[in-house]
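Novice: Residue-level listing of the chains:
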Amino acid sequence: MLQMSSVSYSYPHAADLAVRDITLSLAPGEVMLCTGRSGCGKSTLTRLVNGLAHHYLGGTVQGQVLVDGQDPLHISPAELARHVGTLFQDPERQFFALTVGDELALSLQWRGWSADDIRQSVDESARLLGIEDMLSHTILGVSEGQKQKVALASLLAARPKLLVLDEPTANLDPESTAELTQILAELKKQGIGMFIVDHRLHWLRDLADSVLILENGRIMARGDFSMLDDAELRVKYGLRAATVDDPRTTLPDMYTKQEAKSPDRETAFFSCHDLVFAYPKGKPVFSGESHSFNPGDIIALIGENGVGKTTLARLLTGLERPQEGSVQIGGNAVKPKRLSRHVQVVLQNAGHQLRMKSVMSELEDAAEGVIPKEDHATAVQSCMKTYALDQLAKRHPQSLSGGEKQRLAVACAAIRQPDMLILDEPTSGLDGENMQRMAESMRRVAAGGACLLVISHDLELIQHVCTGKIVLQKNTGDIA
Amino acid sequence: MPPLVVDGEASAYRRTHWTTRELVTIGVFATIIKASTIMLAYAGGGMNPVTLAAKNCLYATLMIVLLHKVPRTWTMTLAVGITSLISLLLMGQGILHGPATVVACLLGEGAISMLGGYGRTRNIVVGVMVAEIASKAAGLGLSWLVMREQPGMLIVATVFVAIGAIGTFLGSITGIRFMKELRHAGIIIH
Amino acid sequence: MRASLFTNINTETFVAGLDVRAKLLICIAGSVASIILSSPLSLGLILGLSTILAFGAARPGTIMKAYCFGLLMMFIAMGCTALIGLAVPSLMRWNFVSLTVPFLRMLVSINLLLMLALSTPVQELFNRLRMARLPTWLQIPLSVAIRFIPTFLEDCAQIRDAARLRPSRGLTGLWRGMVVPLLFRVLYSADDLAMAAELKGISTAGQAGGEALPGLGQRDFVMLTLTVVAFCAAIALQHFGPRFTPLPM
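Chains as they are written, first to last, in this note's numbering: chain P, 442 to 921; chain V, 4 to 193; chain G, 251 to 499.
Check each hint, because a few of them may be wrong.
Computed spacing ranges between beta-carbons, pair by pair [said to hold, decoys possible]: (1) MET42/V with TRP344/G: 50 to 60 Å; (2) PRO453/P with MET381/G: 33 to 43 Å; (3) PRO453/P with LEU322/G: 24 to 34 Å; (4) THR422/G with ASP686/P: 23 to 33 Å.
Here are the simulated EDC-like cross-link-like pairs (lysine to aspartate or glutamate), alpha carbons at most 16 Å apart as the crow flies [stated by the list, open to error]: (5) LYS835/P with GLU184/V; (6) LYS750/P with ASP614/P; (7) LYS798/P with GLU112/V; (8) LYS630/P with GLU471/P; (9) LYS602/P with GLU627/P; (10) LYS630/P with ASP694/P; (11) LYS72/V with ASP441/G; (12) LYS846/P with GLU866/P; (13) LYS72/V with ASP442/G; (14) LYS776/P with ASP715/P; (15) LYS602/P with ASP715/P; (16) LYS629/P with ASP614/P; (17) LYS778/P with ASP411/G.
Simulated from the structure, these hints should not be mistaken for laboratory data.
Since we're looking at a predicted model, the values are computed, not measured.
For glycine and all other residues, C-beta sits at the position ideal for the given N, C-alpha and C.
Please model the entire structure based on the sequences and the hints provided.
Specialist: Below is the structure:
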């Protein structure tokens with residue numbers, strides 16, 4: 442199904458090899474997990490398998506790759522896509538159509554299939570993934586888990602024999618991850634081979650037949666999943682945990698509903714009171730919610746997709762105005778437009794928040810209006826050292842890796858000395874080492890006197906760093 | 004796209020004038036050019052000179068970035084054609100102005116070719132400015148057709164076009180500066 | 251994403267039932283007519299017919315708002331012209347024809363714009379483009395452009411929120427806070443989409459298949475015929491109808 446023989450590859454304009462001397466083989470129905478630190482060469486391997494490295498990126502290849510007997514060198518990625526389907530971390534960024542049905546049919550149309558064959562194949566793959574009722578739905582309005590299913594169905598419609606999955610669970614909640622695991626298990630039984638690249642390991646315990654650990658482009662370890670139970674090995678290669686307990690059941694609730702109704706307004710550090718909110722022409726999201734946060738709290742905000750986690754975050758930051766209720770700091774109500782002085786947010790896509798030409802100037806810009814000008818230099822230097830950004834001072838923020846961008850975004854938020862810091866999926870796509878660094882950064886901010894609210898599906902992060910939880914319920918938007 | 008080299012030999016994969024990647028980039032930039040200029044116009048009102056200048060400034064910047072990202076003949080013409088088609092198909096605008104701007108782009112392409120091609124920033128900037136000036140002249144011509152019974156209104160239109168031209172000039176400066184930043188960030192190599 | 255960029259679309263109107271090609275042809279005919287015609291009567295005929303189409307596509311409230319906006323722009327332009335006319339009197343013509351004809355042309359444009367924009371779901375447009383089997387160098391960027399609009403709007407919203415949380419000052423601040431992150435985001439998105447396009451088989455070496463473009467329907471032919479008749483009638487009215495001497499106001 443997949444064979445690589447002594448394959449090495451370097452990107453154009455790069456001096457070093459991205460992967461070196463890779464030899465592996467994957468049989469039909471086999472699932473291979475490839476993991477390692479960020480930058481170890483995992484994504485490069487996926488691009489060698491699906492042909493992007495050969496034709497899209499250019500570069501220098503040594504050795505041979507065979508995908509279902511085909512050499513990617515001699516056929517285009519479009520042709521190769523008949524044999525291998527690639528599922529990316531963020532499927533929305535790869536959708537081309539406007540409805541689910543059209544997305545499933547798109548690649549078949551471009552391959553010249555007849556209308557009848559397309560219809561049949563689309564129906565089959567939609568049924569397999571349980572999305573047959575969604576074919577006329579707008580593709581961008583569905584949940585993350587459903588988007589992943591749509592992306593997978595569009596690959597399966599072309600009937601590939603091999604799937605390459607690049608961090609498929611990065612944006613999924615634990616329930617959707619479990620669903621995806623079942624679907625992949627079913628595909629495995631049907632004889633489809635799978636090459637999965639992921640930092641999150643726990644969900645693959647019962648699925649992966651073999652594991653590769655990469656470092657600096659080389660295969661450093663090879664074996665079955667039980668190899669990952671070795672804690673020393675995981676630390677050595679910067680990996681995440683092989684088993685994760687669900688902390689959503691063990692973390693303490695921050696308060697009971699009765700307590701929420703009457704927090705001590707005099708001493709509450711940061712609180713929201715009787716929030717009522719509904720989007721225009723939408724159902725009510727919150728109908729009278731209250732909560733108090735203390736300095737040093739790191740709270741996990743938990744709930745199903747669409748329950749209102751992001752909405753609550755937007756209300757606390759002043760980006761949305763509640764119809765009723767208030768946000769208070771030290772017992773004093775703060776107007777929504779003034780909340781940005783007290784609340785900072787680290788978005789899932791940190792790139793949206795980075796706007797200057799260098800890391801240092803980014804921190805200087807963040808400190809503007811908060812720290813006196815004469816203290817800027819000291820504060821910025823200290824922040825760079827604390828968040829291990831001093832080696833990157835002159836780098837352009839947009840040229841940093843994902844983990845580095847997240848760290849910089851947290852540093853920019855922290856230098857503004859907020860009372861509350863909200864983090865939206867801060868560890869999506871981060872390896873074990875970077876996840877630990879992020880957890881450390883969060884603890885540091887909390888130790889500095891802020892309270893943190895974390896919106897995350899990353900059970901490992903929640904387990905490591907959160908001190909409590911708030912659970913939002915679906916129907917009423919009440920806080921549990 | 005640099006060629007693939009396998010064991011010392013270049014890849015046999017055939018290239019067309021634009022690769023898929025370049026066509027996708029052109030499509031994405033067409034969207035951002037159209038949508039951002041509409042949003043600016045909407046934010047400032049139809050006759051706000053500041054947003055008018057800003058709109059043209061942004062347009063020029065984006066076009067300069069695009070032509071560096073896809074440095075091929077006809078890229079500017081195709082991008083402008085796509086933006087005109089989007090206007091037409093989604094908003095019914097530019098039935099007559101669209102073709103005129105495409106023709107104006109031919110002049111811009113000609114300027115770039117005469118100066119030596121897409122390899123230099125200077126050539127690209129000149130090409131964008133020529134295309135913009137030609138496009139504005141065409142726009143004034145169409146304005147005359149619409150308002151020929153009231154020639155004084157053409158003066159008003161000319162004033163606004165001049166404000167737009169100032170914006171385009173500023174956009175060429177911001178475009179050049181932004182290109183330097185993109186090279187620093189490693190987004191654009193050449 | 252909404253099925254259309256405009257929330258007011260009513261897909262069950264008479265105009266919405268027309269094929270987008272027919273609507274485009276009607277728009278082109280109406281625009282050309284409004285340019286070449288200069289008689290208030292003939293333009294009035296075109297205006298009347300285009301108003302019927304506009305009301306057939308959009309709610310009266312939306313149309314009134316568009317008219318008000320257009321009128322405001324027109325009055326501002328006229329006001330500026332009047333000021334110029336104080337200095338150069340020959341540039342400002344105060345007569346019935348000179349004041350009404352540009353105004354009528356503007357209203358015709360608004361009607362045609364509303365008719366097309368508010369009666370054509372983006373999804374239908376997308377499908378028609380695919381079925382039209384355009385050359386790949388046109389099909390790919392055009393499809394991408396339409397598809398990318400909602401992603402771009404979402405990115406704008408997120409970047410705007412981020413900018414609100416870390417306010418910046420002046421034009422430079424606005425540029426760095428809004429434009430720079432957006433540009434970088436767009437460049438990354440373009441790369442992601444391009445990779446996906448290759449892997450989906452969307453390439454310059456191929457051609458979108460599937461269903462072929464259906465022919466125009468009976469309703470479309472009727473409307474196009476009426477358009478031609480109206481066009482001819484307007485031209486006839488221009489040449490043979492009563493002449494308007496430029497009456498002073």
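Novice: Work down the list of hints and note, for each, if the structure agrees.
Specialist: These are the hints, each one checked on the structure:
1. MET42/V with TRP344/G: 50 to 60 Å: violated, 37 Å
2. PRO453/P with MET381/G: 33 to 43 Å: holds, 38 Å
3. PRO453/P with LEU322/G: 24 to 34 Å: This hint is violated: roughly 54 Å between Cβ atoms.
4. THR422/G with ASP686/P: 23 to 33 Å: Given about 50 Å between the Cβ atoms, the range is violated.
5. LYS835/P with GLU184/V: holds, 12 Å
6. LYS750/P with ASP614/P: holds, 13 Å
7. LYS798/P with GLU112/V: Since the Cα atoms of LYS798/P and GLU112/V sit roughly 32 Å apart, the hinted pair is violated (cutoff 16 Å).
8. LYS630/P with GLU471/P: holds, 9 Å
9. LYS602/P with GLU627/P: Holds. LYS602/P to GLU627/P sits at ~14 Å (cutoff 16 Å).
10. LYS630/P with ASP694/P: Answer violated: LYS630/P to ASP694/P is near 41 Å, above 16 Å.
11. LYS72/V with ASP441/G: holds, 11 Å
12. LYS846/P with GLU866/P: holds, 13 Å
13. LYS72/V with ASP442/G: holds, 15 Å
14. LYS776/P with ASP715/P: holds, 15 Å
15. LYS602/P with ASP715/P: Judged against 16 Å, a Cα distance of about 55 Å means the pair is violated.
16. LYS629/P with ASP614/P: It is violated: about 22 Å lies between the C-alpha atoms, which goes past 16 Å.
17. LYS778/P with ASP411/G: holds, 12 Å
The structure does not agree with the numbered hints 1, 3, 4, 7, 10, 15, 16 stated previously, though it agrees with the rest.
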